[in-house]
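Quick mapping for you: the protein sequence lines, in order, are chains A and B.
Residue numbering for the first sequence follows the working numbering, beginning at 1 and increasing consecutively.
Residue numbering for the second sequence follows the working numbering, beginning at 638 and increasing consecutively.
It cannot be assumed that every hint is accurate.
[What the hints assert, rightly or not] Partner residues are not named here, just some residues of chain A that face chain B (Cβ under 7 angstroms, in silico): (1) Ala323; (2) Leu623; (3) Gly625.
[As the list claims (entries may be wrong)] So the derived label-pair ranges between C-beta atoms look like this: (4) A:Asp29 / B:Gln951: 33 to 39 angstroms; (5) A:Pro327 / B:Pro882: 41 to 47 angstroms; (6) B:Ala761 / A:Gly143: 54 to 60 angstroms; (7) A:Phe226 / B:Leu702: 58 to 64 angstroms; (8) A:Ala572 / B:Thr688: 30 to 36 angstroms; (9) A:Gly143 / B:Asp784: 33 to 39 angstroms; (10) B:Thr688 / A:Val512: 45 to 51 angstroms.
Note that these hints are calculated values from the structure, not bench results.
Source: prediction; values computed, not measured.
In this text, a Cβ means the ideal position worked out from N, Cα and C, and glycines have one as well.
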Amino acid sequence: MSTLAELPSPQLAAELEAEHQALRRVWNDRGGFWGWFSVTTHQAIGMRYIVTAFIFLLLGGVEALLMRFQLARPENTLLGPDLYNRIFTTHGTTMMFLFAVPVMEGMSVYLVPLMIGTRNVAFPRLNAFGYWMYLAGGLVLYGAAFFNALPNAGWFSYPPLSGPQYSPGKGVDVWAQMITFTEISAMCVAVEIIVTIFRMRAPGMSLNRIPLFCWGSLVQSFMVIFAMPSVMIASTVMLLNDRTIGTHFVNPAEGGDPLLYQHVFWFFGHPEVYIIFIPALGMISSILEADTRRGVLGYPAIVLSQVATAFIGFGLWVHHMFATGLPQIGEAYFTAASMMIAITTGIIIFCWIATLWSGRLRLTTALHFVFGFLFIFVIGGLTGVMLASIPLDLQEHDTYFVVAHFHYVLIGGALFPLFGAFHFWFPKFTGRMINETLGKITFWMLFIGFNVTFFPMHILGLNGMTRRIYTYPVEMGWGPANALATVGACIIALGGILFIANVLNSRKNGKVAGSDPWQAGTLEWAAASPPEPYNFVRLPVVNGRYPLWLPAEERAAVTGMRTDKREILITASVDAEPQFLHVLPSTTIWPFLAALGATIGLVGSILTFSWYYVAVVLAGIGLLGWFWPRRPLEQEG
Amino acid sequence: MKRRAIASFFIAAAITLNGCMSTRQSALDATGIEARSILHLWWFFLILLGTIFAIVMILTLGALLRRQPASERQFVEQHHTPPQERERKLSRMVSGAGVITGLILFALIVISVITGKSIAPSGASNALLVTVHGNQWWWYFSYDNDDASKIVVTANELHIPVGRPVLIRGTSLDVIHSFWVPNLMGKRDLIPSRITEEYLTADRPGRFRGQCAEFCGLEHAKMALWIIAEPPDQFQAWMNQQLQPSVAPDDPDKQRGLQVFLNHECIFCHNINGTPAHGQVAPDLTHLASRSTIAAGTLPNTKGNLAGWIADPQRIKPGNYMATVPLESGDMQPLVDYLESLK
Numbered sequence: 001m002s003t004l005a006e007l008p009s010p011q012l013a014a015e016l017e018a019e020h021q022a023l024r025r026v027w028n029d030r031g032g033f034w035g036w037f038s039v040t041t042h043q044a045i046g047m048r049y050i051v052t053a054f055i056f057l058l059l060g061g062v063e064a065l066l067m068r069f070q071l072a073r074p075e076n077t078l079l080g081p082d083l084y085n086r087i088f089t090t091h092g093t094t095m096m097f098l099f100a101v102p103v104m105e106g107m108s109v110y111l112v113p114l115m116i117g118t119r120n121v122a123f124p125r126l127n128a129f130g131y132w133m134y135l136a137g138g139l140v141l142y143g144a145a146f147f148n149a150l151p152n153a154g155w156f157s158y159p160p161l162s163g164p165q166y167s168p169g170k171g172v173d174v175w176a177q178m179i180t181f182t183e184i185s186a187m188c189v190a191v192e193i194i195v196t197i198f199r200m201r202a203p204g205m206s207l208n209r210i211p212l213f214c215w216g217s218l219v220q221s222f223m224v225i226f227a228m229p230s231v232m233i234a235s236t237v238m239l240l241n242d243r244t245i246g247t248h249f250v251n252p253a254e255g256g257d258p259l260l261y262q263h264v265f266w267f268f269g270h271p272e273v274y275i276i277f278i279p280a281l282g283m284i285s286s287i288l289e290a291d292t293r294r295g296v297l298g299y300p301a302i303v304l305s306q307v308a309t310a311f312i313g314f315g316l317w318v319h320h321m322f323a324t325g326l327p328q329i330g331e332a333y334f335t336a337a338s339m340m341i342a343i344t345t346g347i348i349i350f351c352w353i354a355t356l357w358s359g360r361l362r363l364t365t366a367l368h369f370v371f372g373f374l375f376i377f378v379i380g381g382l383t384g385v386m387l388a389s390i391p392l393d394l395q396e397h398d399t400y401f402v403v404a405h406f407h408y409v410l411i412g413g414a415l416f417p418l419f420g421a422f423h424f425w426f427p428k429f430t431g432r433m434i435n436e437t438l439g440k441i442t443f444w445m446l447f448i449g450f451n452v453t454f455f456p457m458h459i460l461g462l463n464g465m466t467r468r469i470y471t472y473p474v475e476m477g478w479g480p481a482n483a484l485a486t487v488g489a490c491i492i493a494l495g496g497i498l499f500i501a502n503v504l505n506s507r508k509n510g511k512v513a514g515s516d517p518w519q520a521g522t523l524e525w526a527a528a529s530p531p532e533p534y535n536f537v538r539l540p541v542v543n544g545r546y547p548l549w550l551p552a553e554e555r556a557a558v559t560g561m562r563t564d565k566r567e568i569l570i571t572a573s574v575d576a577e578p579q580f581l582h583v584l585p586s587t588t589i590w591p592f593l594a595a596l597g598a599t600i601g602l603v604g605s606i607l608t609f610s611w612y613y614v615a616v617v618l619a620g621i622g623l624l625g626w627f628w629p630r631r632p633l634e635q636e637g
Numbered sequence: 638m639k640r641r642a643i644a645s646f647f648i649a650a651a652i653t654l655n656g657c658m659s660t661r662q663s664a665l666d667a668t669g670i671e672a673r674s675i676l677h678l679w680w681f682f683l684i685l686l687g688t689i690f691a692i693v694m695i696l697t698l699g700a701l702l703r704r705q706p707a708s709e710r711q712f713v714e715q716h717h718t719p720p721q722e723r724e725r726k727l728s729r730m731v732s733g734a735g736v737i738t739g740l741i742l743f744a745l746i747v748i749s750v751i752t753g754k755s756i757a758p759s760g761a762s763n764a765l766l767v768t769v770h771g772n773q774w775w776w777y778f779s780y781d782n783d784d785a786s787k788i789v790v791t792a793n794e795l796h797i798p799v800g801r802p803v804l805i806r807g808t809s810l811d812v813i814h815s816f817w818v819p820n821l822m823g824k825r826d827l828i829p830s831r832i833t834e835e836y837l838t839a840d841r842p843g844r845f846r847g848q849c850a851e852f853c854g855l856e857h858a859k860m861a862l863w864i865i866a867e868p869p870d871q872f873q874a875w876m877n878q879q880l881q882p883s884v885a886p887d888d889p890d891k892q893r894g895l896q897v898f899l900n901h902e903c904i905f906c907h908n909i910n911g912t913p914a915h916g917q918v919a920p921d922l923t924h925l926a927s928r929s930t931i932a933a934g935t936l937p938n939t940k941g942n943l944a945g946w947i948a949d950p951q952r953i954k955p956g957n958y959m960a961t962v963p964l965e966s967g968d969m970q971p972l973v974d975y976l977e978s979l980k
């Protein structure tokens with residue numbers, strides 16, 4: 001190991017340049033048409049996740065606007081009941097499965113290896129496979145639109161409404177199979193992130209030095225591993241099999257139990273909220289650290305609160321089912337559990353406020369989004385406390401009060417941090433600064449538009465407006481507030497357009513950023529902007545929680561690693577002591593082919609069950625190619 | 638002082654916004670004993686949590702607006718952490734805030750559970766038992782009675798006596814629905830293969846609208862109901878009248894209307910006591926004219942609306958299961974005249 005303080009020496013500079021050239025040859029993905037399908041570097045795949053998810057956000061947003069126009073006045077006839085039901089189902093499904101979870105995964109895939117100081121994720125081919133499965137899932141759902149087979153039973157698809165008798169056609173099958181795709185993808189990312197964080201951290205990055213964003217990714221990944229199988233059991237095993245091969249899980253006409261589906265679905269569905277929210281907490285922490293120029297107060301408290309949130313998050317799914325009439329004692333338990341989660345999130349928020357009080361604030365666009373987050377999310381959290389109370393929930397459940405609540409939680413708790421993160425890491429992603437003035441205008445448009453859209457919905461809900469209705473009579477008096485909400489939605493849309501324009505312009509014309517424009521403390525800012533495909537010429541050695549805030553002479557790097565292979569360093573999971581070297585696979589098309597095979601089979605199985613066998617055979621061929629040993633063996637790694 | 642001002646501002650804003658709207662179907666305009674205890678709990682939550690929100694926002698904005706001494710600024714820039722003593726003090730405050738949060742939440746759990754107990758189904762001895770079936774997209778009601786000949790069956794409009802608890806015992810014969818009349822009580826899902834219960838008690842006469850709260854397919858939006866709370870004697874009179882068979886048509890026009898009804902598909906689905914029509918899959922029409930709306934609260938019950946509904950149900954409520962029955966041109970008027978005579 002040598003210290004970077006030696007940098008000025010011309011001999012070292014020449015050495016570094018030679019290593020840089022060698023690494024570039026080894027790590028550059030192949031170009032060309034097939035090369036595009038063979039990419040295995042985490043920056044490329046992470047960015048594909050982010051861009052794809054953003055396109056789905058736009059589609060979901062257009063669906064939301066259509067709904068808002070339909071509801072803008074009573075007895076409107078813009079959308080009929082069938083189309084409206086398909087659109088709200090697709091909106092919810094898109095936002096949950098095709099935007100919120102994948103975009104968080106994309107951010108993790110892109111940022112985690114940079115932040116912990118390694119070259120790639122632990123399983124690059126699995127990473128590529130996960131992305132292709134996710135993309136295929138999204139294409140399946142939107143492809144169904146061309147066959148008039150968009151689902152129409154809600155993003156939750158409760159049987160018996162979603163069962164064979166009440167939802168004939170292929171819409172619900174498409175929905176259920178789309179879940180299979182996105183959940184496979186989520187599981188792939190979760191496994192990668194966990195192994196990457198536990199075994200590939202820079203030497204010296206013990207558990208108590210892991211950046212908070214990576215803690216968020218780690219906790220989220222464990223949640224994914226426990227929650228996602230549950231939704232696959234609900235949607236694929238129970239619902240899809242009831243529909244396609246006549247099993248009797250949840251279809252009451254065949255002796256099945258519709259409440260069983262709700263339990264299994266919400267055992268996934270509630271943790272899902274935290275799967276989206278916990279990485280966003282990490283983003284807030286990262287932005288705060290850079291823009292208050294101090295480490296977040298209460299690092300251990302925040303980490304433990306995130307872990308506790310994950311545990312408690314699995315114990316309160318029944319609060320989505322209070323109206324189904326549970327025995328009293330069970331209800332009291334779930335009320336208590338639902339309220340307890342406010343303690344852990346509360347502590348995290350108090351830590352951040354204390355950080356703001358004791359830091360040196362820099363009012364960037366990203367920090368604007370953090371303040372916006374605090375305002376919106378605290379409202380959403382407090383209405384969540386109301387919904388945890390069973391008597392209040394019995395009035396508010398399935399009304400627009402709940403619509404308001406979860407948009408405050410999800411847009412406030414995930415989308416605002418995410419937009420903050422886009423502005424914050426934009427220089428790292430593109431090498432250029434994003435226009436801050438336009439960024440701040442974007443913030444104000446989104447913030448005002450959001451509150452104008454969703455705040456009136458609280459009152460609409462209390463005044464009896466139920467969810468998922470395509471129209472309402474004039475006498476209900478819901479017209480004015482709905483019109484106001486539609487105006488707000490248009491402001492949000494304009495803010496979105498401004499954001500896109502700003503991104504497209506700034507990545508061409510923005511000021512060149514340099515590696516560390518915010519003078520932040522974590523390792524991703526030691527890499528070039530945008531990062532080289534291998535991230536670091538020499539892997540950094542860490543001896544503090546914020547390695548870049550330490551004096552330059554205390555920084556060190558790993559030397560002596562091969563530059564003719566995609567070699568990485570494996571370290572111990574607790575103390576991150578170097579253990580051994582490992583060669584990662586290079587570019588390969590097999591993950592794409594395996595995903596293509598699985599897609600053909602899974603899509604076919606919507607039509608006939610026997611296509612499952614085709615899926616197994618085709619994906620099997622893909623996996624054979626994937627794992628076929630190459631000679632000499634060491635080239636494979 | 639300031640925080641109270643802000644909290645009261647939010648409450649005032651909520652009340653004003655609320656005042657702009659009709660309060661006909663509203664949880665904020667409670668007229669039932671159960672709904673009122675929920676509403677009290679709601680105001681308690683709103684004031685307490687609104688105050689907490691105001692405090693958190695003041696603290697957040699305080700961090701933004703406060704003037705930071707230059708020495709402190711320089712210290713943070715240099716060390717990336719504030720002086721140890723200050724850090725310790727802030728940590729203590731965070732811990733304190735965490736403890737206070739826990740205590741408040743504990744109190745909220747206790748008070749919720751107490752309110753929940755007071756409105757939960759428990760054997761009130763004098764309760765009136767009503768069975769509700771949710772259907773795509775209408776409501777079936779029957780009043781329980783040990784004597785089968787005294788069971789009253791109706792649809793979409795439920796009469797209840799003021800001051801007496803009503804036990805709503807519900808299920809569904811197709812998909813999941815949810816019975817909700819916010820002025821009287823919270824919602825209860827109606828689930829196929831299961832029976833759910835809730836109590837509601839009106840404490841003054843009135844007409845209260847409710848609607849299905851669980852997404853139940855195409856016409857979920859048009860599945861409303863009315864509860865009519867009446868003084869006990871009026872309620873009893875209504876019950877007695879509902880127990881009568883249908884009014885026999887007294888003129889040739891209405892007699893022809895009955896024949897039209899009996900000779901078309903209507904008879905397969907609808908029941909009219911006192912005639913051979915005993916269909917059970919659609920609303921009972923024995924006393925159709927005594928109800929104020931048709932098609933589950935979709936239209937006021939007038940001859941014109943009824944004729945329009947019979948002529949083309951799909952136009953008014955697309956996707957509903959009422960058959961479009963082809964009628965001779967001269968048949969509609971007698972049919973509507975007959976149906977609207979079924980007081």
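Hints, one by one, checked against the model:
no. : hint                                    : result
1   : Ala323                                  : holds (5 angstroms)
2   : Leu623                                  : violated (40 angstroms)
3   : Gly625                                  : violated (45 angstroms)
4   : A:Asp29 / B:Gln951: 33 to 39 angstroms  : violated (57 angstroms)
5   : A:Pro327 / B:Pro882: 41 to 47 angstroms : holds (43 angstroms)
6   : B:Ala761 / A:Gly143: 54 to 60 angstroms : holds (55 angstroms)
7   : A:Phe226 / B:Leu702: 58 to 64 angstroms : violated (43 angstroms)
8   : A:Ala572 / B:Thr688: 30 to 36 angstroms : violated (49 angstroms)
9   : A:Gly143 / B:Asp784: 33 to 39 angstroms : violated (60 angstroms)
10  : B:Thr688 / A:Val512: 45 to 51 angstroms : holds (49 angstroms)
Checked against the numbered hints above, the structure breaks hints 2, 3, 4, 7, 8 and 9 and satisfies the rest.
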